Amino acid sequence: MCASPYYRMQLMICAGTGCMASGSLEVKAALQKELTKRNLQDDVQIIMTGCNGFCAMGPLVVAYPDGIFYNQVKPEHAPLIVEEHVLKGRIVKELLFKEPVAKDQVPLIKDIGFFGRQRLIVLRNRGLIDAENIDEYIARDGYSALGKVLEEMTPEEVIEEVKKSGLRGRGGGGFPTGLKWEECRKYNNFPKYTICNGDEGDPGAFMDRSVMEGDPHSVLEGMAISGYAIGAHKGYIYVRAEYPLAIKRLQKAINDAREYGLLGTDILGKGFDFDIEIYPGAGAFVCGESTALMFSIEGKRGMPRIKPPRSAEAGLWNKPTNLNNVETFANIPPIILNGGDWFASIGTEGSKGTKVFALTGAVNNVGLVEVPMGTTLKELIFEIGGGIPKKRKFKAAQIGGPSGGCIPLGMEDVEIDYESLIGVGAMMGSGGVVVMDEMTCMVDTARFFTGFCVDESCGKCIPCREGLKVMYDKLTDICEGRGQEGDVEFLIELGHHINSTSHCGLGKSAANPVLSTIRYFRHEYDAHIRDKHCDALVCPNLIDFVVIEDKCKMCGLCHKNCPSNAIIWEKKTVARIDLEKCTKCRTCITNCRFHAIR
Amino acid sequence: MPKISIQDLKKIKEKERARMVLREGEYRAKITVHMGTCGIAAGAREIMTYFRDRIGQENLTDVILTNSGCAGLCAKEPMITVELADAAPVKYVLLDKEKAQRIFDEHVLAGKPVEDYALARGSETRAT
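Chains as they are written, first to last, in this note's numbering: chain A, 1 to 598; chain B, 1001 to 1128.
Honestly, the hints are just simulated from the structure, not real lab data. Given the structure is predicted, the values throughout are model-derived calculations rather than measurements. No residue lacks a Cβ here, since even glycine has one placed at the ideal position from N, Cα and C. Just so you know, nobody snuck in bad clues.
Keeping only pairs whose Cα atoms sit at most 16 Å apart, straight-line, the calculated EDC-like set for lysine to aspartate or glutamate is: (1) 248(A) - 277(A); (2) 1013(B) - 130(A); (3) 1003(B) - 273(A).
The following residues of chain A were derived to be distant from chain B, with all beta-carbon distances above 10 Å: (4) 7; (5) 92; (6) 418; (7) 444; (8) 520.
For each label pair, taking beta carbons as the anchor points, the in silico distance ranges come out as: (9) 188(A) - 1010(B): 33 to 39 Å; (10) 308(A) - 1010(B): 41 to 47 Å; (11) 74(A) - 1097(B): 34 to 40 Å; (12) 561(A) - 1096(B): 24 to 30 Å; (13) 1125(B) - 157(A): 24 to 30 Å; (14) 269(A) - 1102(B): 47 to 53 Å; (15) 1125(B) - 341(A): 19 to 25 Å; (16) 1062(B) - 423(A): 54 to 60 Å; (17) 308(A) - 1052(B): 55 to 61 Å; (18) 1053(B) - 553(A): 48 to 54 Å; (19) 1052(B) - 188(A): 52 to 58 Å.
Go ahead and model the full structure; you've got the sequences and the hints to work with.
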């Protein structure tokens, strides 16, 4: 060892019996040799120490001043330690001590952004129970809310508890559930009905399907409680036929509940009769509207009627009827068990509890999330959703499906509750959130949602039936390069007419996607109309299909992916597009990583 | 099944709860395949079949194989949850048959979670 009194670094090598036996002397010799080779013997001191107590992982080397603990060091590691740790100051990760118990390498679920920020009330049983096993539902407090209601509470007390909870309809409108039940209870006209609306039709929404598939008994229990509260003995679940798994599992759940006497006559021996029937719908969007839905169950054409009378007074077969959404019903058992005050303690001033959202589109964690009301859109998309894939930029989120509106970049701090969403021109809807990145053209998006509404309009009101078609054609013109000055003003005027003169919720909100994209992305409409340019490179007629030479990195990806051999490229040359062969399929644009084609 | 009373409801709950948390010593492991529409579309049935065959081949009587609905993270289906007695459940994502084989051999049989495919451990809500 050298005599220099000041060392930059010390390597403490364990010379306990254990480490000596596993070869610490050889390690010492190798390290010394390596240090001398690089003329570092005066900078680094090697010290042999007594037993560290961790003999199983020897030979041990502790590097000071940092106190880095290397284990199972072999002589052949000496060059690595000297090169990396001593010279470059980098820790040699492969020699670090690892917890032998592998489970610590797997992060805790609460530390994963996607799961950690969620609060599960509606989805309380997700992933935990077998949907087709009633006993597993019972094991997680299933049907104990129904038991509590039948044993201890009057229907009025049930309604009071639901009112206290502040629960509002999760189908989109947000009408207070307790008030709806109270209204329905008032009428002395029997039989009464309670209906579960499972006609989930918004593009990109799948919350209700997941609840019906994953936890069908929670819906049945909520319905039975509502039946008790309003005085109904019969319930219907209206679910679209496109949800075969949901129908199958609901039917199994109904059968099992009947066998246990949790549906049928004299439920739990408490003298209350209630049974449920599934009514599969044919998948018309308008049948999610309450009166159209009821006509559909009656076997008539699904078309909304004029209110009043409200369904609570004269609904299905002109009898008092309560209609709630799947998610609303699934909230009822926990409210009864934990109390309305508990539920009201979650969420914001006007919107209590949690909301389930279906996150789709340009977001990493596509999936189903349940968060407290008041969570910001930013948290929803970036912390839970994991942000936008491919390092692209967030542009907007469409909330509330074809009846909702978009929320643009810069407004993502909006808190999600019924009122604040309406304030920014969107709506809660049933909870579909479609995330859009910079590769999305807002005019094209508006055209998509308008096209959906054109298909789904029932045809009863002229503004919706004809107006939407005119709107759709105008949007198509703009997307295909035939837009003219004044088109945007025309769309705004027509949109307001459609919204204010249609009869039902579908028509009243059908122009929202157009109006809200104009509100926040007017410049894109103008670019389409005036410059015949689609900035997001989505509308094929408004793209030049030329390679920008400065931006082209000559990688050839466009050439390799072009299905019609329209791209001329060789190594180290800028690509060129043969417009004769080009079919404007946009494959080159989606493959180019440098935005070099416009 | 007979018609039940509120007392029976409690009995079923206690009995089933014991089975679900693997405390009674009767079962050593539980594999839950998440079979919502998203999971099935991504290939959950194949995973389910694989585990069923393996449990049959190995003649295991202490492993519960069950299914459940969507686990929420539809982008990463097929997903499963593997829970061993006295250990936190581990969620696995983006599975195929080969990965299922490793998980069965290393985690279910040998008790060591397969870090490479694991997303997280623990439950979102309390276990019972």
